[in-house]
Amino acid sequence: MPLYQPPTGKPSPFLLGTFSEECLGAAAAASKSGVASNVFPSTNLALFFPITLTETRTFTGVIWENGASVAGNVNAAIYDTTGAALTGATIGSVAQAGTTISQKKAFAAPVVVPPGKYFLAFSSSDGTATFARSSLGGAFLRVAGVRQLANFFALTASAAAWVGATNGFLPAVYLYEPSWL
Amino acid sequence: MPLTLPILSSENVSVGTQHSFPYDLQGLGVGQPATATWPAANLGIFIPLYIRAPFVAQQIEWVNGTIVGPPSMEVALYNEAGTSKLATSGVVTQAGSGVPQAVTITGGIILGRGRYWMGMVLGNNTSGIMRFTGAAAVADLQKFIGNSETALGGTALPSTITFASAAQAYIPLMGLSGLSLAV
Chain A
5 MPLYQPPTGK
15 PSPFLLGTFS
25 EECLGAAAAA
35 SKSGVASNVF
45 PSTNLALFFP
55 ITLTETRTFT
65 GVIWENGASV
75 AGNVNAAIYD
85 TTGAALTGAT
95 IGSVAQAGTT
105 ISQKKAFAAP
115 VVVPPGKYFL
125 AFSSSDGTAT
135 FARSSLGGAF
145 LRVAGVRQLA
155 NFFALTASAA
165 AWVGATNGFL
175 PAVYLYEPSW
185 L
Chain B
430 MPLTLPILSS
440 ENVSVGTQHS
450 FPYDLQGLGV
460 GQPATATWPA
470 ANLGIFIPLY
480 IRAPFVAQQI
490 EWVNGTIVGP
500 PSMEVALYNE
510 AGTSKLATSG
520 VVTQAGSGVP
530 QAVTITGGII
540 LGRGRYWMGM
550 VLGNNTSGIM
560 RFTGAAAVAD
570 LQKFIGNSET
580 ALGGTALPST
590 ITFASAAQAY
600 IPLMGLSGLS
610 LAV
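So the protein lines, in turn, are chains A and B. Per the working numbering, numbering through the first sequence is continuous, rising by one, with the last residue being 185. Per the working numbering, numbering through the second sequence is continuous, rising by one, with the last residue being 612.
Just so you know, not all the hints are guaranteed correct.
[As the list claims (entries may be wrong)] Label pairs and their calculated CB-CB ranges: (1) Thr495/B - Gly13/A: 34 to 44 angstroms; (2) Ser513/B - Thr12/A: 22 to 32 angstroms; (3) Asn508/B - Ser183/A: 16 to 26 angstroms; (4) Val520/B - Ala99/A: 41 to 51 angstroms; (5) Ala112/A - Thr533/B: 27 to 37 angstroms.
Treat the hints as calculated values from the structure; they're not laboratory data. Beta carbons: idealized from backbone N, C-alpha and C, even for Gly.
Working from the sequences, and respecting the hints, build out all of it.
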């Protein structure tokens, strides 16, 4: 009879995002690039950040950190590794509001996500909008697995046309579980 | 055949170690931890702790800042749901400016891999704890860590956590030790 070997490794956290160990946190730490307000790379560009879940989690929504000025709208969603959007895992178009402060938006209903690899997508409708971000270099983010897709603000069902990232923009964007956040 | 479980080799499970969220802290722009006065008397601050493998905790520990008072305080460990206080320092007097303070967990406690919460409360807002805080560009770091805050009305932590959004960008340096050595 096989023996039960309990899992090890860090449990998926209550908030999982771009600077988490489960995403690009180690890369950001290695780059020592710091975090500062900067403009989004281009209007309607969608960025896709690879994340790993080790347990089933139920996410309430998405939180991000706005920069020194706001403009346009923000969208965020979860995609699988084929570029298919997870059902219900999108915040929709949200007017960016509040400078140098976090902003969050819940999904229409909490989304249950099984263990596996996914992408956390983030987009802005305005290339003058600013966000708190680290700058890691496009090549670095590309080899770290970040994808991008132009003119994809709406974050619709399929991002299969995505390509490797060409810019080094790593914003503070997180999925969150606690409804009281 | 005996079952062999992996046991953490690290002697310390604390904020800033691999068992918390070190990459998040780094990415969100924190600097070196520094002393800062407790935000409000009798305010309870609760932060997540992520234990990677079975661990036997022998002490609860934290790092004091500049002590004024000294106040009474409590530090405790809770389960993932915040419904059970698993280990506590009890209400003690803050002691030792600028150095760690630890309380033995009688008999130790075996903790499985999982998600937990650590809570701290101080009885005044003039005494200090060593803490992480965010960079200027991330004014509300605590939102990305998942801090919870509650006005407790006293220096005893509750038996269960009433989770509520945190306003303070204050990540206390606290955790658990697998050793019973003096800090």
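Now for the hints, and whether the structure bears them out:
no., hint, in the structure
1, Thr495/B - Gly13/A: 34 to 44 angstroms, "holds (38 angstroms)"
2, Ser513/B - Thr12/A: 22 to 32 angstroms, "holds (23 angstroms)"
3, Asn508/B - Ser183/A: 16 to 26 angstroms, "holds (18 angstroms)"
4, Val520/B - Ala99/A: 41 to 51 angstroms, "holds (47 angstroms)"
5, Ala112/A - Thr533/B: 27 to 37 angstroms, "violated (49 angstroms)"
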